[in-house]
Amino acid sequence: AGEPNQIAIFTSNQEVLASTLSMARNDVADVAREAIWVLSNALAHCNEDSRKVLLNCGVLEVFKWHLNSDSEKILCLILEALKNLFSDCRLSQSSIKDPLFLSDEDRRTYDKQQDIIK
1258 AGEPNQIAIF
1268 TSNQEVLAST
1278 LSMARNDVAD
1288 VAREAIWVLS
1298 NALAHCNEDS
1308 RKVLLNCGVL
1318 EVFKWHLNSD
1328 SEKILCLILE
1338 ALKNLFSDCR
1348 LSQSSIKDPL
1358 FLSDEDRRTY
1368 DKQQDIIK
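Numbering-wise, our numbering puts 1266 at position 9 of the sequence shown, and it's gapless, one number per residue.
In short, the hints are calculated from the structure, not lab data. Only a predicted model underlies this, so the values are computations on that prediction, with no experimental measurement involved. Incorrect hints may appear among the rest.
[What the hints assert, rightly or not] Simulated pairs of lysine-lysine, DSS-like, Cα-Cα distance not exceeding 27 angstroms: (1) Lys1340 to Lys1309; (2) Lys1309 to Lys1321; (3) Lys1321 to Lys1340; (4) Lys1330 to Lys1309; (5) Lys1330 to Lys1340.
[Claimed, not checked] Ranges between beta-carbon positions, derived for each pair: (6) Gln1263 to Gly1315: 18 to 24 angstroms; (7) Asn1341 to Val1273: 17 to 23 angstroms; (8) Ser1279 to Gly1259: 15 to 21 angstroms.
Yeah, the Cβ is synthetic: ideal placement off N, Cα and C, and Gly gets one too.
Let the hints inform the model, and build the full structure from the sequences given.
See below:
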């Protein structure tokens, strides 16, 4: 799984992280499963800075992409990662740029921006 400092090295290497995310989107289940295992473990054992990097680079989108997978192993890895992520009290609203996790004030600003776009 790796120690937080090892995971920080992984998340600070944009090329390796992008490659892992790309492999996680692979249609070959064995390739995707291994990459998702890496991402799941990284989320489970990382520090707050690494968590922010993983979340902001789209790891949740990768997990979402696989939610209709036929592979029970992939689904279990994703559910385990989500369980670790959302049960971790260190997860703060500032960790990700997803509107679901915005403060009330930031949410109102986001909603206004979305109304303007429409």
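> Regarding the pair Lys1330 and Lys1309, is the alpha-carbon distance no greater than 27 angstroms?
Replying inline: Cα-Cα ~25 angstroms, so holds.
> Within a Cα-Cα threshold of 27 angstroms, do Lys1321 and Lys1340 meet the stated pairing?
Replying inline: holds, 14 angstroms
> Is Lys1309 close enough to Lys1321, meaning Cα to Cα at most 27 angstroms?
Replying inline: holds, 18 angstroms
> Straight-line Cα separation of Lys1340 and Lys1309 no greater than 27 angstroms?
Replying inline: holds, 17 angstroms
> Is 18 to 24 angstroms right for how far apart the beta carbons of Gln1263 and Gly1315 are?
Replying inline: Between Gln1263 and Gly1315, where Cβ atoms are some 21 angstroms apart, the hint holds.
> Can the suggested window of 17 to 23 angstroms be confirmed for the beta-carbon pair Asn1341 and Val1273?
Replying inline: Given about 21 angstroms between the Cβ atoms, the range holds.
> How does the Cβ-Cβ distance of Ser1279 and Gly1259 compare with 15 to 21 angstroms: does it lie in that range?
Replying inline: Between Ser1279 and Gly1259, where Cβ atoms are some 20 angstroms apart, the hint holds.
> Is Lys1330 close enough to Lys1340, meaning Cα to Cα at most 27 angstroms?
Replying inline: Measuring from Cα to Cα gives roughly 15 angstroms; hence the hint holds.
The structure meets every hint from the earlier list without exception.
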